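Colleague: Here the structure of chain A is known, so what remains is to put chain B in place on it, guided by the hints.
From first to last, the protein sequence lines stand for chains A and B.
Using the numbering used here, the first residue of the first sequence is number 21, and each one after it goes up by one.
Using the numbering used here, the first residue of the second sequence is number 21, and each one after it goes up by one.
Quick caveat, the hints were computed from the structure, so don't treat them as lab data.
Everything numeric in this text was worked out from a predicted model, so none of it was measured.
Some hints here could point you the wrong way.
In this list, chains with the same sequence are indistinguishable; a pair is considered to hold if it fits within one copy or across any two.
Said to hold, decoys possible - In silico lysine-lysine, BS3-like type, Cα no more than 30 Å apart, as pairs:
hint : residue 1 : residue 2
1    : Lys37     : Lys101
2    : Lys336    : Lys118
3    : Lys227    : Lys178
4    : Lys118    : Lys248
5    : Lys352    : Lys235
6    : Lys39     : Lys175
7    : Lys198    : Lys311
8    : Lys353    : Lys39
2 protein chains.
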Amino acid sequence: MTKQTISVQLSTAKKQKPKADQLEFGRTFTDHMFIMDYSAESGWHDPRIIPYQPIEMDPAAMVYHYGQSVFEGLKAYLSNKGKVLLFRPEKNVERLNKSNDRLCIPRVDPDTVLEGLKQLLQIDKEWIPTAEGTSLYIRPFIISTEPYLGVAPSKTYKLLIILSPVGSYYKEGIHPVKIAVESEFVRAVAGGTGNAKTAGNYAASLKAQEVAESKGFSQVLWLDGIEKKYIEEVGSMNIFFKINGEIVTPALNGSILEGITRNSVIYLLKQWGLSVTEKRISVDELIQAHKVGQLEEAFGTGTAAVISPVGELIWKEENFVINNGKTGEIAKKLYDTITGIQKGALPDSFGWTVEVDSVSQTC
Amino acid sequence: MTKQTISVQLSTAKKQKPKADQLEFGRTFTDHMFIMDYSAESGWHDPRIIPYQPIEMDPAAMVYHYGQSVFEGLKAYLSNKGKVLLFRPEKNVERLNKSNDRLCIPRVDPDTVLEGLKQLLQIDKEWIPTAEGTSLYIRPFIISTEPYLGVAPSKTYKLLIILSPVGSYYKEGIHPVKIAVESEFVRAVAGGTGNAKTAGNYAASLKAQEVAESKGFSQVLWLDGIEKKYIEEVGSMNIFFKINGEIVTPALNGSILEGITRNSVIYLLKQWGLSVTEKRISVDELIQAHKVGQLEEAFGTGTAAVISPVGELIWKEENFVINNGKTGEIAKKLYDTITGIQKGALPDSFGWTVEVDSVSQTC
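So that you can see chain A by itself, here it is in the shape it has in the complex (with noise of 0.2 Å):
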């Protein structure tokens, strides 16, 4: 596939922006927006940005009664050099294609999709909020667009990335969440779509996450489907624990999500020196740890969150305080990093963020 032509029509009325303290997650939308087509003839074509627009479609199109869509989730900064930065993009765009293969979705060209990514970032500029905790949020997101009721892969697709000017996912800083071991709903199985971006995981989530806010807690620590055993994730994170002096995620397993944020942490601890080991944890092995006092922290990794620290875990109605409820050292060493080098206020020695160029736009 070769990077094609990207066309730009510029919005002539600009929206007005929230003020930084007003920023909710995912609420507000930036001026413009990038699309692109697919159909069986044309492959993937006619990449362009237009001003952000209600998109249209037959009420037969596929995306609504059979799910066949995947997305990304990821983040853009403005360092205090007043450069847009982008974190690991690429890895977004690899998971991007395994989820549309998983999905029966035909590949993207990674060069286009950076490249108009890179080119709305530009135009939209002036959207990214720079208030501590803030960012623009990036949803890359691909759905079927066929009219007909055939369950089949679609004939045809969009993509479309649109920007989202975010607050801290924390109000008051970093904070440590209360979150119950989930033992009836299942997220994911083994030979399903766990491990791929696609609308459907995240349906499947909504029951158990009602549930748990309902009696108080903020989110589920999904098991596995098949023993109602292992940890899994938490909410829509990847989870981290240390237990006595070692770092411990849930090995990939095929229903797990491949975090990015989760690949980077594990990263940063084993340039730091510290133990890090991916394997299949138990909850019991996880509330015996805690027993004898060397369950020391927990912490779920994402692109919304970055790093979300785990005070109380719940497990058939028992209730079991982590670090005495507060933010671990490691959770907050790691925070501070990913979010330091996001920002570029420190030194990447893993050549992660990629700086968005300049390009000569008017907008």
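Modeller: Using the frame of chain A, we list chain B on its own:
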């Protein structure tokens, strides 16, 4: 919930109807559709019939990202007395609400939805094809519409009903298909969404179906996600076997869809004095029965095909021909009886068919 008044806006331009011999499944849609909105403040409101038209939504609409959606499928027939007949439509609305519960979507008022469907059918009555094997396929569906990227139940929804005249599922009459037992991919697992009619289940099934088709098989036979040992469904249908004179079908276990055709088949078989058992059936047991010559019939059941005989099973590269690859006696009798009842050609001793009353509608 009280039944609401349905407003009607008729189409000024009529589309050309396809010829009976050109009908496919789910590609052509009628002149009108039913639509209704949900908001937290107004509940389900503004039920209306409008010309069939594209729907316009924000690119951040939750259905595109997190697949919070449910659907149903049923058919309307025109009897030889010119009456519009539905087959157990109240069961579809009941199941729609069960799916709503699992997907955290607010329940609908069954009377409003059924009344909307009936009025829509009266208006588009001329679209109901009458040739042998044809019918009007009805697709009610609900999609989440809130423009928000947080993973949470949407605060707004749309319910639509669209209609599609469909041809015979079997171009050359009912005929047996080859199906492969799926040992890699999993459709659903207990605790997941397998017993809800939601988009993600179908997205998850595409890859296995694609692989099966590339090897010359029509469908896959799904095994349970836990032990990959017990039979669940075939493609997007329920499955029945006749083993040594006894009819068996997998018991509803939380990951199997509660098919309305499945339920009707069980009733009919019992009425005919046949033994029918809902139980856990292992693939080993099935293969064993075949080896001793006791696997006498196999057939799928579902709205689209009604009854789909299985002529050959493929398991671990071995082929097992059933009933000499021919349609079994039971499958044929069930197909003739159910379609006969659906079209009003046979007596309906269970009171399954619902006649859509004429309304004084000029269309």
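Colleague: A separate judgement is required for each hint: does it hold in the structure or not?
Modeller: To see whether the hints hold, each was checked on the structure:
1. Lys37 with Lys101: within (21 Å within a copy, 63 Å between copies)
2. Lys336 with Lys118: between (36 Å within a copy, 27 Å between copies)
3. Lys227 with Lys178: both (29 Å within a copy, 20 Å between copies)
4. Lys118 with Lys248: The answer is both: 26 Å in one copy and 24 Å across copies each meet 30 Å.
5. Lys352 with Lys235: within (27 Å within a copy, 52 Å between copies)
6. Lys39 with Lys175: between (42 Å within a copy, 24 Å between copies)
7. Lys198 with Lys311: Classified as within: same-chain Cα gap 18 Å, cross-chain 55 Å, threshold 30 Å.
8. Lys353 with Lys39: within (29 Å within a copy, 69 Å between copies)
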